[in-house]
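Listed below, chain by chain, are the residues.
Number of protein chains: 2
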Amino acid sequence: MTKQIRLNAFAMNTVGHLSPGLWRHPRDQATRYTDIHYWIELAKTLERGCIDGLFIADVLGVYDVYGDSPDSALANAAQVPVNDPLQLVPAMAAATRHLGFGVTASVSFEHPYPFARRMSTLDHLTQGRAGWNIVTSYLASGARNIGQDRQLDHDQRYALAEEYLQVCYKLWETSWEDDAVQADRKDGVYADPRKVHGIHHEGTYFKVPGFHLSEPSPQRTPLIYQAGASSRGRAFAAAHAECVFVAAPSKTVLRKQVADLRAAAVTAGRAPDDIQILEQLTVIVAPTDEQALALLREYREYASAGGALTLMSGWTGIDFSRYAPDQVLREVPSEAIRSAVEAFTRADPSRTWTTAEIADYCAIGGDGPVLVGSAKTVADQLQEWVQETGVDGFNLASAVAPETFVAVVDLLVPELQARGLFKRAYAPGTLRDKLFGRGDRLAAPHPVAALRRDARR
Amino acid sequence: MTKQIRLNAFAMNTVGHLSPGLWRHPRDQATRYTDIHYWIELAKTLERGCIDGLFIADVLGVYDVYGDSPDSALANAAQVPVNDPLQLVPAMAAATRHLGFGVTASVSFEHPYPFARRMSTLDHLTQGRAGWNIVTSYLASGARNIGQDRQLDHDQRYALAEEYLQVCYKLWETSWEDDAVQADRKDGVYADPRKVHGIHHEGTYFKVPGFHLSEPSPQRTPLIYQAGASSRGRAFAAAHAECVFVAAPSKTVLRKQVADLRAAAVTAGRAPDDIQILEQLTVIVAPTDEQALALLREYREYASAGGALTLMSGWTGIDFSRYAPDQVLREVPSEAIRSAVEAFTRADPSRTWTTAEIADYCAIGGDGPVLVGSAKTVADQLQEWVQETGVDGFNLASAVAPETFVAVVDLLVPELQARGLFKRAYAPGTLRDKLFGRGDRLAAPHPVAALRRDARR
Chain A
9 MTKQIRLNAF AMNTVGHLSP GLWRHPRDQA TRYTDIHYWI ELAKTLERGC
59 IDGLFIADVL GVYDVYGDSP DSALANAAQV PVNDPLQLVP AMAAATRHLG
109 FGVTASVSFE HPYPFARRMS TLDHLTQGRA GWNIVTSYLA SGARNIGQDR
159 QLDHDQRYAL AEEYLQVCYK LWETSWEDDA VQADRKDGVY ADPRKVHGIH
209 HEGTYFKVPG FHLSEPSPQR TPLIYQAGAS SRGRAFAAAH AECVFVAAPS
259 KTVLRKQVAD LRAAAVTAGR APDDIQILEQ LTVIVAPTDE QALALLREYR
309 EYASAGGALT LMSGWTGIDF SRYAPDQVLR EVPSEAIRSA VEAFTRADPS
359 RTWTTAEIAD YCAIGGDGPV LVGSAKTVAD QLQEWVQETG VDGFNLASAV
409 APETFVAVVD LLVPELQARG LFKRAYAPGT LRDKLFGRGD RLAAPHPVAA
459 LRRDARR
Chain B
9 MTKQIRLNAF AMNTVGHLSP GLWRHPRDQA TRYTDIHYWI ELAKTLERGC
59 IDGLFIADVL GVYDVYGDSP DSALANAAQV PVNDPLQLVP AMAAATRHLG
109 FGVTASVSFE HPYPFARRMS TLDHLTQGRA GWNIVTSYLA SGARNIGQDR
159 QLDHDQRYAL AEEYLQVCYK LWETSWEDDA VQADRKDGVY ADPRKVHGIH
209 HEGTYFKVPG FHLSEPSPQR TPLIYQAGAS SRGRAFAAAH AECVFVAAPS
259 KTVLRKQVAD LRAAAVTAGR APDDIQILEQ LTVIVAPTDE QALALLREYR
309 EYASAGGALT LMSGWTGIDF SRYAPDQVLR EVPSEAIRSA VEAFTRADPS
359 RTWTTAEIAD YCAIGGDGPV LVGSAKTVAD QLQEWVQETG VDGFNLASAV
409 APETFVAVVD LLVPELQARG LFKRAYAPGT LRDKLFGRGD RLAAPHPVAA
459 LRRDARR
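Which chain is which? The protein sequence lines are A and B, in order.
Residue numbering for the first sequence follows our numbering, starting at 9 and increasing by one per position.
Residue numbering for the second sequence follows our numbering, starting at 9 and increasing by one per position.
Chain A on its own, in the form it takes in the complex (with noise of 0.2 Å):
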């Protein structure tokens, strides 16, 4: 059988995700994020096209880099205001049976023993299709918000991290046995205290002695997700993730970012296919070649490029405002601006990027490429990707919403369908079991299954 692909779609509870100025557009809905039947919609055209996942970023703080303040964020509504995503998955989860839901959640907002709690919770709401995207960094303005001066160094940040995830793997993987709760009506016992476990958790950076305030959800430890890019971020990520997002603007660099992941996730002891990788696309796909680069010819009058900019100064902590349009990065004396520049040069070595082709490219998409034709086009397009880099799949974000959803769900995927390279239904089971035909459950030689074992002695 030819390799399945996965499609995951991509947004956030906010107007302005990654395509800053589209919400302008007169088909745009973005601007109706605090409508929940908005949402609920979204989840229901997404299942309708076996969609294997809804993923909502989040940022706690403001894109304020550009310019040295937040007001192009705000004026073009890049990304803020932006509203908490957990509330809007249960309310999906119950107008449909088989989509699954990632939500971002840094790891430096709140304390892992009510956090967990929440995830349980959702993947009990959701009848174990929960996803956690775990954030190790954030934004310098949501620190200083939360009274922290200074943010950790990089290190710091992901020995944290590393040892939040072993509070939050220990609360819901050892604190209750499988047969601990017995809900038996006769005998009037719930839970079975001996089968319920304080955890004993002393560590740098957290104490928790007691056991987890939720019973065990489907999956227990609900499917993780990473986005990590640095050195460190990819150990991380191949140590524990399931999923990890990328974001390479050319299949060149794709492929190396895609056998450096593996490579790491054989060295954590780990499998090459242990980890799906999805690679960020927008795709503007319509009838014909010709109607699809009408669509994007007309999305572009609504692209804004000061929005595309504000997140990109954001992304790299450089303010892009300090250089004029034609001004060639390549060419400005900051050993910074030239390291942000690199992937795009990487992607293509023959051209030089000015500000204004970075904002052009950044505009729509974000830092993800964007793939335009008729269904037959973007699914040559994608067969390639899939071919050439060993990429699992594609986290598809939006230019118009929910249109370009709607254009994958009609268009794209019955083509992807007809070449026997995307599902007719999903499979069955939690969003884990779905996407590796595993079981529920993480399993060896995830560092769960040891923890899982260890506490079993």
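Take every hint as true, because none was put in to throw you off.
As the list makes no split between identical chains, a pair holds if one copy fits it or if it spans any two.
Distance condition first, Cα-Cα at most 16 Å in a straight line; then the derived EDC-like pairs of lysine to aspartate or glutamate:
1. Lys11 / Asp400
2. Lys194 / Glu309
3. Lys442 / Asp281
4. Lys203 / Asp79
5. Lys384 / Glu298
6. Lys259 / Asp375
7. Lys384 / Glu423
8. Lys442 / Asp282
9. Lys384 / Asp418
Simulated from the structure, these hints should not be mistaken for laboratory data.
On a predicted model such as this, the values are computed, not experimentally measured, just so you know.
We have chain A; now place chain B onto it with these hints.
Chain B in isolation, oriented as in the chain A frame:
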């Protein structure tokens, strides 16, 4: 017009809320608490009966005072396992149009900056039907699990709660001006940066310079609930709360509590009826008095004395496992326990209370009274409670879930409506506007109004 009675339903994202043991009843469905459809059905039932709101309690900890162990709580499902209440609400809001939703959250577990965003998100997704029950204290077991060996003392707790609330008020009320969000597709400005302000909060416990991440929700500040029993708690409630929950064992005790609260509101510069007071009650209603009494007898067969004393021990800090069932508690040489049973003794000074009688009292409906009878009988009693105490309404707990609520909606509500004591349709607007009829926003003399005025200068 006769004064309208307010009716709230009282629940918790757990198996055994206030009637531990009753989950064993063949018709009880509380073990479905992890099923989002269970909650959606409940919300629809309540809205069918024009119930004002569903109030979801929460604890982040375990009742481990009884027998110095969590074993009894686990076996009896006495508020453990317990899941996050917040995630239930948007799904219920999507299935209803008018029902309000109150959610308990302690000021001790999450920083106000991310917490304020959670509540704004909730108010957005419910279209202005969100309430927050502010809890200032917590179980010692919860404190230990977030690495705090000692809780703050009583006064410090209220000082922290006061500052926490100030931070939230500033984020909700003063950060975004009313016309900050323009969402004008033509001029391309989503939010006018000149109308979004950092709150520059620098206090004893919190330092929050930035602006709120959420744009203004329909109510901005969610409806403020509180349940404060101590004199410091009463002052806090009198200053901030719009609805106060009490659980008096008798009309005599309740009358004094209501009078004290209204007097405290006046001391705080507010009007006596700026606070709506709801007495916790469990109502067992059936077509006839005989059938209701038979139902109560049937329920009592499933009640758990151990579960009841586990809750009571947690609430009072006294280990009731140390006293024999026939021990008259007034004779125990302990100041603490005499003070704990004082409320019961005040309710009826002519009698004494044994451990078994306390257990019996609390086994159905926890620390609130139980009213039993036909709709006519119960309506008569509720009318007496309102007339003799000045209370505004009732916070109804369930014995068998959701059977108790279904009976209230099908039998009691029509009787109250026929008497002109209960609305036949919801008022329009947000939860606050429905309850007070003065608009969506907190108005003077509530302290928020002054804060808003000062910010405008």
